[in-house]
Amino acid sequence: MSTIAMGHAGAEAAPAEKKGLWSWITTVDHKRIGILYGVTAFLFFLLGGLEALLIRWQLGAPDKTFLSPEAYNQLFTMHGTTMIFLGVMPLSAMFFNYFIPLLIGARDVAFPRLNAYSYWVFLFGGLVLNSSFLFNAAPDMGWFAYANLTSKQFSPGLNVDFWIIGLQILGIASLAAAVNFFVTIINLRAPGMKMMRMPMFVWMSLITQVLLLLAFPIITVALVLLMLDRSFGTHFFVPSGGGDPVLWQHLFWLFGHPEVYILILPAFGVVSEILPVFSRKPLFGYAAMVFSGCFIAFLGFGVWSHHMFSTGMGPMADTVFSLGTMLIAIPTGVKIFNWIGTVWGGSIQYKTPMYFALGFVAMFIIGGLSGVMHASPPADLQQTDSYFIVAHFHYVLFGGSIFALTAGAYYWFPKMTGRMLSESLGKVHFWLMFLGFNLTFAPMHILGLNGMPRRVYTYSAGMGFEFWNAVETAGSLILGFSFLIFIWNILKSLKSGEVATADPWHGATLEWSIPSPPQEWNFAVEPTVDGRDPLWELRRARGGTLPEPARVSGKGIHLPSPSYWPIVTAFGTALTLVGFLMHVTLWVILLGVAITMLGIFSWAFEPADH
Amino acid sequence: MALRLPSLRRVVRWVPALCFTLAVLALAGCAPDGYPQTTLAPKADFAELLDQVFRRSFQLATIVFFLVEGVLIWALFRYRGKPGDAEPAQTHGNAMLEVVWTVIPAVILVFIAIPTIQTIFKTAEVPTDNPLVIEVTGHQWWWEFRYPEYNLVTAGDMHVPTGRTVDLRMTTGDVVHSFWTPQLAGKRDVFPGRDNRLWFRTETAGVYPGQCAEFCGTQHARMAFQVVAQDSAAFVAWREGLAAVSAPVAAPAPADSAAATAVDPLVAQGQQLFAAKACVGCHAVTAVGAPTMVGPNLAGVGSRTTIASGWLPNTDENLTRWLKNPQAVKVGVLMPNLGLTDEETTALVAYLRSLSVVPAPGAVAMTAAGN
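Which chain is which? The protein sequence lines are A and B, in order. Using the working numbering, the first residue of the first sequence is number 35, and each one after it goes up by one. Using the working numbering, the first residue of the second sequence is number 4, and each one after it goes up by one.
Just chain A, with the same shape it has in the complex (with noise of 0.2 angstroms):
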């Protein structure tokens, strides 16, 4: 029998709610971060969403002259860095900030300050990288910026140094979150909810944190390596001294293969949540569903060369890479298997959640079959570094963990703010960004089948790619619009939306036994859990509902106190890195390292409570 605080004993008045932007800048509750994350990285969303806007809008036709040609490299390289590092991995990451405390029973994350740390140099390195625009030099050589272009003979400016130092500052955040997230999963679950009863979210979450755990770690060498070539006039990948360009590409996509997956478990996590609850059902296939991610995630060290074909490794090595990547095509597809044999028998509620989880597994499953295409070599050699990958890895992007997160934002947007999004709205939001989707992506198939390369600013006319490129210029138009929908969905329900209940869904997790939005504490009393849907368990001990839970007051629970300190070292980690862009600015890395010591000291002598 599941202990879940429900209806618990009478309300007391609630200790006023903290307010002001101070009270955000020293938070260190879990929700709150999960909250900054949020809208920071929408907000990053939406800046690589324009930055995308104006790459179609330049290839709507034939040789415009709309962007430069730096301007447009520029841009594509900025809007794959900002996608990736800005947009959907920080998006993951406020659902884990927000989300896996609540899912496993937990008041807070292991440690709540490294936590607002995490953010903050997150924050710092997005604003870094991003600040190249105001001197003209954001990075202009592709988000795998393969060297040598890299060097300093071909790239002089500092868009390269740009792009070294915010991610780096952003692969510290990544790091930092990701020992916090693994060591809250591993030790902070609720009495009862053993490793095989975790909510699948969580376990493709611990998967993931893993993944960044073993892949940051393998850029940061790199980045390292090429600021020495750049910097120091070392020779890792410059070929005049002694050096191998090829190096750079296995050290990135060694890191970049993972980080596909980093990309996109969050995702299958999310969905994994949404499709029982909106089925009635329980996940089909728990147990596959988890070692299926383990495995994706094991292969997805062993298969980075895949990237790679085009360079001429040799027939021995092609074939290997290739058969991996293969591999990885079963414990997927088993993943799909089950997706759909858990609303195969079920009573499927249609609400927006589910579909933007439902459009998550069609279009991935297009983005599944093909990417088993280019895992042969033959069929790659034409497909590799067409606009057929472009289309490829958007469908696995956008239509994966894009659609996946927004259904996650549908589903848990309640929770987080106590007021529901608009149903007719999000629907509007949800056919308009399928239709875009497809418009803007799927027609790239066709065309990168037909030769069109990926990264050029222009193509001339009588290539035969006008018409395709129009219509996907006018999806992209559509799809913009469906975010500003969304965008309007969300700001009207804050202010206006119906209030939430505790679990308007019928949810089958923690999460749902608290109300809306959670007290600062989370759980008032630490529940058990003896099952993998703990609250449909309760449901059914109680007879099929379930009391709406009340506010408590917080007396008597010790909660960590708010502190600047992350905020602090988080500036001096920034600057220190920010020292070494401009070659090597000796005082700026000096006060960063200082003020970075001084925000540790602090940090560890703080007292512990009022």
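Any given hint could turn out to be false.
Derived DSS-like pairs: lysine-lysine, alpha-carbon spacing no greater than 27 angstroms straight-line [unchecked claim]:
hint	chain 1	residue 1	chain 2	residue 2
1	A	LYS461	B	LYS85
2	A	LYS529	A	LYS53
3	A	LYS52	A	LYS385
4	A	LYS98	B	LYS327
5	A	LYS589	A	LYS52
6	A	LYS589	A	LYS526
7	B	LYS125	B	LYS85
8	B	LYS85	A	LYS385
9	A	LYS526	A	LYS53
Worth flagging that the hints you see were computed from the coordinates, not collected in a lab.
Dock chain B against chain A, hints included.
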């Protein structure tokens, strides 16, 4: 309200036919007509081998696509919840199903993996049937082609004979590029200080556009080229013409020289300007045994199909625009604005036009391919 559905057996009967029809339709949607750079209409053996693997995987993927999406959509209609529905059966999984849908994809993958591996090994070895070696060098942002067998070098248009394997040995003069002529072969990246290999043999004369496929800086989009495939007679005529145009033109000064009198004074003026304006510092005008220089080799430039790396048609107007201000035409190129007057430009255009391989083979082949 229950949705009436045809019996499962009736559905199953027309599924394969439907899948096949849809697969054909889907491929037809990507019909290569009107796409000169398509991968779907291979014109050489290498591209043909790649295409076979692609078609196999595409057909299988299409079938899987329609089956899985079909089942999904069917389930979404069939299991639509209605108000007052009882709680559906709380199934947690099915071990047998898990095994089945693990094994079936694995089997399908075997059918892709086998031709994949065969083709990997088939395409890895360059045929030894007396191939024509061409050394390809990528430069920001143009392609250089060297024919050691004939001691010739050219740029922009790569002429190849039909019916003979071409063995490409590829490298770069600066950053990483990727050589791609979709109708003839797949991509191959070029790296500094490394020889990468690619080969193909085409039986079909024609002009096949190609383009750099690895991002290589500002003008990556304008780093195109053409492969001009000619029957052996036309190919021989081209290479002999290229050698002939590279023969040193006599200096125009001595009046008694028969050669000099034949030279158009405008061309002669252009030739002098070519030396005086430092063009020679970056461009060679002889194809025979010429070294690699900063700019493309210009022997035979008068009869090339395009200028500015496969982008602008090789017309006098375009050449004039280019010479007047290369940066305005193609920002970022290494060629500076030489500050030429209109008069000087006219003379240089006349001179460059005189550097033609006669008869212009590109033009002939273009017309042939146009049909």
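So which of the earlier hints does this model not fit?
The structure breaks hints 3, 6 and 7; every other hint is satisfied.
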